[in-house]
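Participant: The primary structure of each chain is shown beneath.
Number of protein chains: 2
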Amino acid sequence: MPLSQPVEHTPRWDTVTIVGMGMIGTSLGIELMRRGVAGQVIGVGRDPKKLHMAETMGACTSVSTSLPASVTDTQLVVVCTPVSRIVADVRQAAACCRHETLITDVGSTKAAIVAELDRGLPPAARFIGSHPLAGSEKTGPTAAMQNLFEGRTVVVTPGKATRPADAAQIAAFWKALGAKVTQMDPAEHDRVVAGSSHLPHLVSSALAAATPRECLPLVAGGWADTTRVAGGDPQLWTDILLENKDNVLASLATFETVLGRFRQALSHNDARALVEVLQEAKRIRDALGS
Amino acid sequence: MPLSQPVEHTPRWDTVTIVGMGMIGTSLGIELMRRGVAGQVIGVGRDPKKLHMAETMGACTSVSTSLPASVTDTQLVVVCTPVSRIVADVRQAAACCRHETLITDVGSTKAAIVAELDRGLPPAARFIGSHPLAGSEKTGPTAAMQNLFEGRTVVVTPGKATRPADAAQIAAFWKALGAKVTQMDPAEHDRVVAGSSHLPHLVSSALAAATPRECLPLVAGGWADTTRVAGGDPQLWTDILLENKDNVLASLATFETVLGRFRQALSHNDARALVEVLQEAKRIRDALGS
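So the protein lines, in turn, are chains U and B.
Per the numbering used here, the first sequence starts with residue 15, numbered consecutively.
Per the numbering used here, the second sequence starts with residue 15, numbered consecutively.
Bear in mind the hints are in silico, worked out from the structure with no lab data behind them.
A hint or two may mislead.
No distinction is drawn between identical chains; accordingly, a pair holds when it is met within one copy or between any pair of copies.
Here are the computed lysine to any residue pairs in the SDA-like style, where the Cα-Cα straight-line distance is at most 25 Å [said to hold, decoys possible]:
| id | residue 1 | residue 2 |
| --- | --- | --- |
| 1 | 194 | 235 |
| 2 | 259 | 289 |
| 3 | 259 | 165 |
| 4 | 189 | 228 |
| 5 | 259 | 234 |
As the structure is a computational prediction, the values presented were derived from the model and not from experiment.
Isolated chain U (complex conformation) (with noise of 0.2 Å):
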């Protein structure tokens, strides 16, 4: 059993293994530390001076170059790497794991991944995807904040071969953290994602791309507001956005007849038209709140 006797009523696991100290997995180690979530973290990555920074900033006990020499005592491993490294990071840790070992994800998309790791792991491994819905455009340790998971929403997205017992344990783990977590197929997950987090990150990068220079003086707080993701990785968003392809070309068509209507009604010199579909998008904008 991964998860080890309650302490005060919090899961608490022993070893957990971050993969990944990027921002989101420095702020994770942050979190098991903190709360007690976990006895002991050790932090895997290639880069010794991240992994250094990560360790200073409390996000891990220990930290290591080598993930096979990282997972052969833990009970969770937390894969915090790019999209695109996902399935061979699990694999790895899958290959070196001595006991019971649950293995999970952050990546932004599941359905590829979960296809992929549904099956065929070594017996000692079982993997469940998780996408927390909490981030930054920034990147690396240096990047990480307290309490990032705290009133979020994780997806947990178990495939068709997943024990429902180890899904609970990484719903557990994330619960443990503030994260509210809901459970969703892994295709489905990457359906809505592609409409509330994949285009939102497209448009907003289109619009950055399509400022002129001279503009940018003028720049209030809301082209800052409108283009603030634009400045994420473009690499890592690269790989999701190819990973969710057909969703997102799905939803950007959608996003175009909408931006047809208003480029039609402002042609038009038609008010009510573009009265309409502003009325619209504040309908749901203000469903979210602020």
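Put chain B on the given structure of chain U with help from the hints.
Facilitator: Relative to chain U, chain B alone:
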């Protein structure tokens, strides 16, 4: 002379009339009073409840629902009504001024307004357009903010008939509220804000309107930031977009070209092209800072 003797190096106006006590008008009044830039502030509006609220918030020393009665003994009138009402409100104010009175506005578009008001006002009044790049998607006096203009850019847009001394007075007025002032030709201003403000609003609204309801439970900070300004007032933004129609349509065409590059790159699994657009976007976004 609208400018009385400086008090402790601050330009001081005996009486300033603010027409339209919404978010901007009320924030303006609060700063004029708080900084001692004006001795008296008369708040003018159509809704007695909102006027009372603005007065309670310290934004004015008296209120009135009559524009004509509120400008007879004032040195400066600031018209803070929606762009579609500015020309009529300035004309009405100008017709009722008894002394040499400067009139400015805070409208988001300038070319048509300045062209209409640059000449032909009664001799007692002279109009010089302003556009403070400050605001919020929230409306009404209760959304007013202290220090709204501190560090913000205000564009002053002299017309062909504007006397340089008048433009300097208006610049000094905004500087006294902490703003950085820049002068621009009205048509050039409209061209630039189409890209820096009006297109971002349109894009943000299109994204909100294109988001299926089922996606809302999985939105996070990215969607929230990118769609924030879509919560703005639909009628107010309809006026702005229509007033700056040609420039907004041109900016929209540029934006759609970038969207097309994204669509093309995604459809062809062209990671290099995707990284390129995302890097371009990041360079422009990072040039601004957070």
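Participant: Indicate, hint by hint, whether the structure satisfies it.
Facilitator: Against the structure, the hints come out as follows:
Taking identical chains as interchangeable, the C-alpha atoms of residue 194 and residue 235 lie at most 25 Å apart only when they sit on different chains, with a minimum of 15 Å there against 30 Å within one chain. For a Cα distance limit of 25 Å, the shortest separation of residue 259 from residue 289 across copies, 14 Å, qualifies, whereas the shortest one inside one copy, 32 Å, does not. When the C-alpha separation of residue 259 and residue 165 is checked against a cutoff of 25 Å, the pair qualifies neither within a copy, at 29 Å, nor between copies, at 42 Å. Taking identical chains as interchangeable, the C-alpha atoms of residue 189 and residue 228 lie at most 25 Å apart only when they sit on different chains, with a minimum of 23 Å there against 47 Å within one chain.
Taking the closest pair of Cα atoms, residue 259 and residue 234 come within 25 Å of each other only across two copies (20 Å); inside a single copy the shortest separation is 32 Å, beyond that limit.
Hint 3 from the list above is the single one not met by this structure.
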